[in-house]
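A.B. asks: Protein chains in written order, with our numbering: chain A, 1 to 442; chain B, 1 to 477; chain C, 1 to 109.
Just so you know, the hints here were simulated from the structure itself, not pulled from any lab data.
Fair warning: this is a prediction, and the values are worked out from it, not measured in the lab.
Be aware that a few hints might be false.
Within a straight-line C-alpha distance of at most 25 Å, the following computed BS3-like cross-link-like pairs (lysine-lysine) qualify [what the hints assert, rightly or not]:
1) B:65 - B:146
2) B:319 - C:79
3) B:61 - C:79
4) B:170 - C:79
5) B:382 - B:319
6) B:61 - B:170
7) B:322 - C:93
8) B:322 - B:454
9) A:159 - A:117
10) A:30 - A:5
11) B:65 - B:53
12) B:170 - B:65
13) A:54 - A:41
14) B:454 - B:382
15) B:65 - C:79
16) B:53 - B:170
17) C:93 - C:14
18) C:14 - B:65
If the Cβ cut is set under 7 Å, some of the chain B residues that face chain A in the computed set are [what the hints assert, rightly or not]:
19) 42
20) 43
21) 45
22) 47
23) 394
24) 399
25) 406
26) 418
27) 421
Glycine is no exception: its CB is placed at the ideal position from the N, C-alpha and C atoms.
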Amino acid sequence: MSFTKEDVEQLSAALREPRWVLERRLDAWKIVEDSELPHGKIEAWRYTDFRRLKFSLDPFRLAAPQETTEITEVQETLVKEEGERGGYVVQRDADVVHQELSPDLAAQGVILMSLDKAVVEHEEIVQEHLFTQTKPDDHLFAALHCSLFSGGTFLYVPKGVSVSVPIESQRWIDEGGTGIFPHSLIVVEEGAELTYFERFQSIPIPNDSISNGAVEVVAGPRSHVGFVALQEYGGRVWNFQRIDMSAARDAVIRSLIVTLGGRFSRQEVRTAMRGEGVDCEMLGLYFAEKGQHFDFRTFQDHIGPRCRSDLLYKGALKDDSRTVYSGMIRVEPHAEGTDAYQTNRNLVLSDHAKADSKPELEILNNDVKCSHGASVGQMNEEEIFYLMTRGIERPQAERLIVNGFFEEVVGRVRQDEIRQVLSDAIEHKLTGRWHSAGEEGA
Amino acid sequence: MATDRIDPVLTENEEVRRLKEGYKYGWHDEVSYAEKPERGVSHSVIDQISDRKNEPDWMRKFRHKSLDYFNRRPMPWWATADLSGIDFDNIYYYIKPTGQVKNWEDMPPEIRDTWDKLGIPEAEKNYLGGVSAQYDSESVYHSTKKELEDIGVIFTDMDTAVREYPDLVKEYWGTIIPPNDNKFAALNSAVWSGGSFIWVPEGVSVDIPLQAYFRINQENMGQFERTLIICEPGSWVHYVEGCSAPVYSSDSLHSAVVEIIVKDHARARYTTIQNWSNNVYNLVTKRAVAHENATMEWIDGNLGSKVTMKYPAVVLKGKGAKGEVLSVAYAGEGQHQDAGAKITHAAPYTQSTVVSKSISKDGGRAGYRGLVRIDDGATNAKSNVRCDALILDEHSRSDTYPSNEIEEETASVGHEATVSRVGDEQLFYLQSRGIDETEAMSLIVRGFIEPITKELPLEYSVELNRLIELQMEGSVG
Amino acid sequence: MSEWTRVASTSDLKPGRMMQVTVDDEPVCLARTADAEFLATSDICSHEYVLLHDGFLEGDEVECPEHGSMFSMRTGEVKNLPATQPVGVYDVKIEGEDIYLRPREEANA
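In isolation and in its complexed conformation, chain A is listed as follows (with noise of 0.2 Å):
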């Protein structure tokens, strides 16, 4: 591996923050230390075999805090072809380069910057829930994570306040060979309301690079908060991201995850409800093709009583991409009244392509409505035959049913602007425009 401690400890200098941060970086290096690269005999990983994708983390170099640094144009014009946002955080590499704010949402409190520049501005909030989602102790890339963190998102809303237009973070990777980890802390308090947009993309790149990216958000009592992901990274990045978030009483927090880029892309996406009554929704949506393995695990903690998740991932694979999913129900003993769902589906479009999914339950308390379900299907011919006899073209059809397949989930997600985004990216990637490493050239 090419990353030293002596990376930690100058990026931390470089970044002039606080000596508890150091610390804390330096706890999770020791674990990073004690840590080997997983392979296929830690169950967690019995799909995802770093050995057959001929994986290792030799060629990446840190990504170091530039002095200064600017937002390109093609990155500007993004930010100003979407829908409106309440603010923007845009990082390229290891630095946020861009972030603002409407004034409005600024003067009832909400706080949204550079998780770089919050450790110093906001030292108490953040030094209270840094990590208290994320462990770094979890494997060695959430290691490698917390030890290497830079740039990443703030995000602060105060009690009873309601953010009713999406926030949006912003993570462009430049530059080939290089690490980057962006983290993100989103606290959101009492009553108050809140849609949080993540996306990750990257221009093409001579080499591979690695994103290792964390999202830690903390829900308050009776909050709101919804949470979606959109990953369309090139064919170059290796992804790794993991979702933590906590759920206090009564509050509502859905998640969206949806996955398009990438040569590789790990995800674990985890909600712990806490307090009673949580209502929690977990949504995953993902096509994979061009040699892409995509590796999602689910957690649907249900610590504390009477709380109701639901869970809906749905892939579509193609070529000789691999996906795998495993998700695990976890009823902890004083949860009674849980109601826990978990839903894969799995659309296989060619003959190349696997499939695994692994849906597990711990159930440890009697009072529960638990179930699972898990299929791997192909296209139904007959609809696609229906769709040619009206005309269409074998290739647009079969876009069609894959659309209509998404459906189910895009049309879950409450936010027209974020909807059309998503709309756009997995039509982008359904009309063969994602490139894999290969036909990015050097």
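Got chain A sorted already, so can you dock chains B and C onto it with the hints?
C.D. replies: Quick look at chains B and C alone, frame taken from chain A:
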């Protein structure tokens, strides 16, 4: 649920009480053993076993090689069950009770008494197939009905088969479950003793179930029987095994290997009612291969043992082969039932069905662990898995760990699982019809496992229900 | 048609032994049988990701060290469960001391 569905057996409390006194594994017999070698396993212990059995050289070599595998392998890294109580060095790997007998009357009275308690001779009298009974390591009683011989079926204990049908045994031995398949299969391969050998000739249907009973009657005893069933094309056989053991203060180990070959258009069904006592580690490897248009069915009832880890497997190797696993697990106090099924679709147009029902109560932990794999090239394969769990109190636990590995576009694979409690409304309804709470609970549980019990031969269906009835008593309140 | 790749020298491997070599970036199990014949298959078991050269060579068959699956090193065919799919086979060419390998073209079924 209609009240007229109450089975008279269930309501005969007198009979249940008698069963509880007499049947439950709470007795152990004073049996005189012919030999009792040292504890622990080593190459010299293996030579002793092989010498006593006067085995051919290939079997001795197989045992030694298997011991090397066993010694080299770590304990299963993926196990969620606690296996730390197994002390391999403190186990007797082979005990030979008094020699094999042909007639029931010649059985030692203690052993006969054991079978009486299990109801075996009765069962035999009531027209059943051959009964092979294994007491600790060796088969002590084996009777093959003349009808079987007349139609050319071989049904004998495994030790005899190695001596009398060496070519047949050698051709298939270890091809379905190689000795290095897993640590416990390696141990079995090294120290195996007893078990059944069945060969069914082409086109022959055995209309009566063939049965075997296995019993551990010695503290710290390991039982390692080995069963090999070969169904020639177009044949049919149903094999039923029951297991029990008395309660001791320290743990015993049961680690069997069962290999089944179901050739073209043949069908085999293997039924287990496992009622080991609560200090037996039951770690069993069972795998069948089904050739073209063949059908393999596992029916697996797990009621006893401290820890069971058992996932009957079917490899659907021939076009159009079918595999089915029906499984019931019941985990009471101190029990962990890690049961399941593994299906590999290795050929086109293969089909599989898994139905698993688990019940946990009094702090027990019951679970399903499964694998459905569709190989590349196994076109138009279909698989359906359904797991239902019932948790009867707040101290108990249910786990579901299925894996689906799909490498074929034309596959259709579904997995559904539910976990639930016994609904208050259901209980209330039955109680309002004059059924007391215990009985109502039993009724609901029996309805829950009915998809499995209805597949069993009558005696076993009754036995399974009785066992669950016994376990259920006192579970309410 | 793939090119021949030189992977080892005949003196690198004693009879009855196996080693890992690389062809086109893929790990390959190279064996020298007791009869001093060189055979090669993919080094990855078709059942799970386990390296076959860590296993056991018996005649011209290789046994996986993890679950005991056996493969013919001549044809790649499965001889023993739990594996159900064959492994890829490599053609071997010896020139003097040098061992060359080339992935065998799959026969069209």
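A.B. asks: None of the hints should be skipped; say for each whether it holds.
C.D. replies: Taking the hints in turn, this is what the structure says about them:
1. At most 25 Å may separate the alpha-carbon atoms for a hinted pair to count; residue 65 of chain B and residue 146 of chain B exceed this at roughly 38 Å.
2. About 19 Å separates the Cα atoms of residue 319 of chain B and residue 79 of chain C, which keeps this hinted pair within 25 Å; it holds.
3. Distance restraint check for residue 61 of chain B and residue 79 of chain C: the Cα-Cα separation of roughly 19 Å lies within the 25 Å cut-off, and the hinted pair is therefore satisfied.
4. As the CA atoms of residue 170 of chain B and residue 79 of chain C are separated by approximately 15 Å, the hinted pair is consistent with the 25 Å bound.
5. For the hint pairing residue 382 of chain B with residue 319 of chain B, the CA-to-CA distance comes to about 12 Å; that is within 25 Å, so the pair holds.
6. Proposed proximity of residue 61 of chain B and residue 170 of chain B is supported: the alpha carbons are some 13 Å apart, at most 25 Å.
7. With a CA separation close to 44 Å, the supplied pair residue 322 of chain B and residue 93 of chain C exceeds the 25 Å bound.
8. Of the supplied pair hints, the one linking residue 322 of chain B and residue 454 of chain B holds, its CA atoms being roughly 20 Å apart against a limit of 25 Å.
9. At most 25 Å may separate the alpha-carbon atoms for a hinted pair to count; residue 159 of chain A and residue 117 of chain A meet this at roughly 22 Å.
10. For the suggested pair residue 30 of chain A and residue 5 of chain A, the alpha carbons sit about 9 Å apart, so the restraint of at most 25 Å is met.
11. A distance of roughly 18 Å separates the Cα atoms of residue 65 of chain B and residue 53 of chain B; the hinted pair therefore holds under the 25 Å criterion.
12. For the proposed pair residue 170 of chain B and residue 65 of chain B, the alpha carbon gap of about 16 Å is at most 25 Å, so the pair holds.
13. Distance hint between residue 54 of chain A and residue 41 of chain A is fulfilled; the C-alpha atoms sit about 16 Å from each other, no more than 25 Å.
14. Restraint check for residue 454 of chain B and residue 382 of chain B: satisfied, since their Cα atoms lie roughly 24 Å apart, inside the 25 Å limit.
15. About 18 Å separates the Cα atoms of residue 65 of chain B and residue 79 of chain C, which keeps this hinted pair within 25 Å; it holds.
16. At most 25 Å may separate the alpha-carbon atoms for a hinted pair to count; residue 53 of chain B and residue 170 of chain B meet this at roughly 16 Å.
17. Restraint check for residue 93 of chain C and residue 14 of chain C: the C-alpha separation of about 17 Å stays at or below 25 Å, so the hint holds.
18. Using a Cα cut-off of 25 Å, the hinted pair residue 14 of chain C and residue 65 of chain B holds, with the two alpha carbons roughly 22 Å apart.
19. This hint is violated: residue 42 of chain B has a C-beta 29 Å from the nearest C-beta of chain A, more than the 7 Å allowed.
20. Using the Cβ-Cβ criterion of 7 Å, the hint placing residue 43 of chain B at the interface with chain A is not satisfied: the shortest such distance is roughly 29 Å.
21. The beta carbon of residue 45 of chain B is not positioned within 7 Å of any beta carbon in chain A (closest approach about 31 Å), and the interface hint is therefore violated.
22. With its C-beta approaching chain A no nearer than about 34 Å, residue 47 of chain B sits outside the 7 Å limit, and its interface hint is violated.
23. Restraint check, residue 394 of chain B versus chain A: the minimum CB separation of about 5 Å is within 7 Å; hint holds.
24. For the restraint placing residue 399 of chain B at the interface with chain A, the shortest Cβ-Cβ distance is roughly 5 Å, inside the 7 Å limit, so the hint holds.
25. Satisfaction of the interface hint for residue 406 of chain B is found here, the shortest Cβ-Cβ separation to chain A being roughly 4 Å, below the 7 Å cut-off.
26. A least Cβ separation of about 4 Å between residue 418 of chain B and chain A falls short of the 7 Å threshold, and the interface hint therefore holds.
27. Given hint, residue 421 of chain B at the interface with chain A, holds; its Cβ is 4 Å from that chain's nearest Cβ, closer than 7 Å.
In the structure shown, a violation is registered for the earlier hints numbered 1, 7, 19, 20, 21, 22, in ascending order.
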